[in-house]
Amino acid sequence: MSEYDLQKVSIREVNQALHDLTDGANDTEITISNPGGMHNIACGVDSPVSVKIDGHTGYYCAGMNKLANIEVNGNVGTGVAENMMSGTVRVRGNASQSAGATAHGGLLVIEGDAAARCGISMKGIDIVVKGSVGHLAAFMGQSGRMVVCGDAGDALGDSLYEARLYVKGKVKSLGADCIEKEMRPEHLEELKALLDAAGMDEDPKAFKRYGSARQLYNFKVDNMSAY
Amino acid sequence: MCGIVGLYLKNSALQGKLGALFAPMLIEMADRGRDSTGIAIYGDEVDDSHVKLTLQHEDINFDWPAVVAALEKGVGAPVDWFQNAGAIVAKVKGDGTAARSLLSSEFPDVAVRSIGLSIEILKDIGSPEAISEKFNIPGMKGTHAIGHTRMATESAVTTDGSHPFSTGYDLCLVHNGSLSNHNRLRAYLKKQGIVFETMNDSEVAAGYVMWRMQQGKSLEEALIAALDDLDGFYTLTVGTRDGFAVVRDRIACKPAILAETDDYVAMASEYRALASLPGIKNARLWEPEPGEVYAWGHTAHEGISRQELELA
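These protein sequence lines are chains H and G, in that order.
In terms of full-length UniProt numbering, the first sequence opens at residue 1 and continues consecutively.
In terms of full-length UniProt numbering, the second sequence opens at residue 1 and continues consecutively.
Note that these hints are calculated values from the structure, not bench results.
Don't take each hint at face value.
[Stated by the list, open to error] Ranges between beta-carbon positions, derived for each pair:
#1 H:K172 x G:N84: 35 to 41 Å
#2 G:A225 x H:Q215: 49 to 55 Å
#3 H:H19 x G:D59: 50 to 56 Å
#4 G:A225 x H:D20: 54 to 60 Å
Glycine included, every Cβ here is placed at the ideal spot set by N, Cα and C.
Based on the sequences and whatever the hints tell you, model everything.
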């Protein structure tokens, strides 16, 4: 059990201490207080520890996370859990733009709203948002799942590859090549597992599924004149 | 990058501490830009038979008493004034028209940074720490202030190219972002009679707002029109006599966060600039939505109250 007060120790010292933890370390419960909106808090953690951050954080909080369970009791700035590989990141408040950007794995839970470009270029992460997401959510998403219990903004799933999107509320507009798809039993099952993992008490049947129409995968000679 | 901060006090008991609350916000945004720094501070209002001018000259030993004497002679009334580093604030009788024409003919090297009943714009090359100390920002009193820390991208690092830019009586604008159509828009606005001092893109946004308001548009209408006419990335904050307004372009790459308590409304590029404010832990925090205009101020009818205008 370690506690770090970011008003007393530098962010570099805290992150170094987190990086020095190895698999099997005894110190598996870490608390960080007074984050004051600082950038890069708990970035690059790569051991199965639990990190609790008490307050609002700045950019790239929990970026590149691997194995750790990181919880923010506040709002997060741009790019929370960007490039996450595995583990869990839970945000009790709202997230700014580009939450979970380019992340390969793990679970990101946002209990408030997420702003624009949530899950941009997602590559395998699961993202569950209790509130709503802004415009261009899952833009160029390649794989992984996104669950939105509230509404989605403009251009949901624009230029989507294979990420699967589930939205309960209204979708303001769908992006290029994103379409609504049939909700089959395996999808209800998948969605229920995601909601359970995130601790959300929602009925999977209330959601709609969106995915790629797969029309932008390959260059079509018919579109030559557009270039 | 570039950093923006704004602080509007709802609780008048805090007005004596405006600078002390505001300076740490500005300094926290040094990481977003330290090429130049500027603020617009509102307070110490003159009565409407007078106007307050903020003048600046690059020579720290400039002969300001000679300028004041010429102004007094020109308007036929005494001028109350004080110096702050390379700038002076002069309270001049009249609406400022005669004073400005006298300054441009007799003292062409003197820059008129702001004009209005309440506004003072102070800006210079240098980091927020340096500029805060130079103008003694922590000691300032007032009702509200906006500030800018610049990381120059589109034009040279000069005092003229620093923010805020005056956009008319008691109005000014700061910008985080870059405009891609500023050359064509500047050429168009010049034809409409708007004067530009620099090749800076943000000055074009300021000139645009000025032009729209000269056409009779309200500030909110001018900012809504800007959403269609300004091409590029921007978070704009406009200081007004009784508050400030915020707008982000529809793509909303450039950040902004707002906080409100019973005592104040604060705005910043990043939360960390707000973290030093009293009561921030319990403040209502939110990001302004893309393509929407937000404005706060007190009006004669309502006393001090918040107006959140969602007109887009």
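Hints versus structure:
no.	hint	result
1	H:K172 x G:N84: 35 to 41 Å	violated, 49 Å
2	G:A225 x H:Q215: 49 to 55 Å	violated, 37 Å
3	H:H19 x G:D59: 50 to 56 Å	holds, 53 Å
4	G:A225 x H:D20: 54 to 60 Å	holds, 55 Å
Hint check: violations occur at hints 1 and 2; the rest are consistent with the structure.
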